[in-house]
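Chains E and R are the protein sequences, given in the same order.
First residue of the first sequence: 1, per my numbering; consecutive thereafter.
First residue of the second sequence: 1001, per my numbering; consecutive thereafter.
Treat each hint with caution, since some may be false.
Unchecked claim - Covered stretches of chain E (chain R as the covering partner; in silico rule of three or more C-beta atoms under 8 Å from a C-beta of chain R):
id, region
1, 47-55
2, 59-68
3, 93-106
4, 114-127
5, 145-153
In case anyone wonders, no lab produced these hints; they're calculated from the structure.
Note that CB positions come from ideal geometry on N, CA and C, so glycine has one too.
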Amino acid sequence: MNIQNPVPTLYGDWKEKFSLQWSAIISDLKAKFPDALESILLPETHPVDIPTLFLKKEYAMEVLRHLKDAQGLGFLTDYTASDEGEEKRFHLIVHLMSVETKVRLRLKIRLGENETMPTLIPIWEGANWAEREIFDMFGIRFEGHPDLRRILMDVRWEGHPLRKDYPLRGYQVFLTPEPIDPELFK
Amino acid sequence: MSQENSKNFRTDAPLDVTSWGFPATYDVSLKKDSDDIFEDSKVLVNIGPTHPAMHGAFRCMARLNGEVIEKSFCEFGYTHRAKEKLGENRTYHQFVVYTDRLNYCSALANNVAYAMSVERLMGIEVPERAVWIRMMCAELARIIDHLICIGINAVDLGAFSYFLYGYHQREKAYTLIEKLCGARLTTSYTRIGGLMADAPEGWERELKEWIKETRQVIEEMDSLLTENRIWLKRTKGVAIFNKEDCLKYSYTGPNARAAGLDIDLRRDQPCMFYDKMEFDVPVAQTGDVFDRYYVRVEEIKQSLNILTQCADRIKKGPIWAEDKRTRIPEKERVYNTMEGLIHHFKFFMTGFDVPAGEAYTPFEAANGELGFYIISKGGPSAHRMRIRSPSFWHYQGLDPMIQGEYIADLVAALGSINVIAGELDR
């Protein structure tokens, strides 16, 4: 696998630099939450650049909070999703970074077609718009989100564009401006 | 300087409204606006989508109490072009042109970041000269992006001539970019595994002349505005976004460094040859508009240092990686041999396969951490092409940033976080 032969000018030192911290974080998680991890993809054995941990949905909030408070992975770099078309259709993907050591970690949560996910806003307020974007693009709902509206598309849009079954040219034309909910001003 | 004092220039002396016979029933949690003689006059104000003070097509709706913003919410998506969907339906080579339209003020940096992320998945090593040119591109892009940010920020607050100093220099930088790749704004300069064309003969020399000029211009701009009293009054203590807020809202780049969150991927997680460069990372503490402005000014100076070092150390050599998968065949071969023609046809019609895998490749672009997260399942186009754009996270922080500020300071705050609509909407 090519990521296993990293190029020096393209973050080729990550594996050497962070492997100790990665294994420390993973063994800590295994000890604290023995049931939370579904599977672990490591850069040594899988074609990933950083360790990718599959979390069970029920433990996601606890594990993320633990990573933020105890392991120093307090910076939510990215929060997104992908449509994998497996039995559990969606993967929610969280990228975390430590501000002090700059170690990065990727966590994934499998979600079925109509499953919901608890919102991450209590942990990172910045997850608000990221969750709105995931809802807009994939149709995944977040429990407890204060304002789960579409963010990029028009509120009248039908369907969720980044799902694999949405056509590339699925245009929808609106002749009037996007209506704004008067509740937002209150 | 306390927040209260910085506002006093608006009125000569605070008006005692109660003596005029109006009941003073202001909300004490907000700053009192001494000009607001009609107490508690709530007004809804809509700014944008096409308003000269909103740099691009986005919109901010605010509920004002007098002149103070009580509540606001931001709308965007007017320039949404579905780049992530296109990334799943176009080949990796075709997607290069879409990256220009992300942050169109610094298109070269996006090109570089995208090329890096695909090369990382494929394990391609580009030759040394290409890396040096890419670094120069990224730094040049950073300088022109910062020049437009601070220039426009000053225009919004009334300092027009300052903007022209910067814009003149930016124009010259565009001429340099034009010599490099033939285009000025939408550059599409990098290719997976190399560059579109080599830098022309003597380009480094011209770059060095430009650096020398720009150093003087930056000094001049610095002396023109940084200690200007009106500028200080309009920016010091305005729209403060401190370190905790930056962590909450995932701020990166100059906006985070202005608040004391000391992250710079060029220094902390160096890619390319940034570990061989000598430069400082300017960090401020308050996180107000002035700090965001001044961090950018200092960063331009540091970027000029990096550019000088690159221009000194660059050597002649190949610009394409020796990898048959991504190398675009030479025109000579295409027009004269059958194999070359087939290779050319297959390259542009079907694209090259990227092995299955996934990688998140961050890059310190002008605005902050620009990341491309690509999931490849093999084949010529990505399974998921996620673009982590810094502006998306910065714009989210605008609402809490301007709460309780004056409506005129909204313009200052928006200009200072440098939200680019193309990058925000993707």
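Check the structure against each numbered hint from earlier and tell me which ones fail, lowest number first.
2
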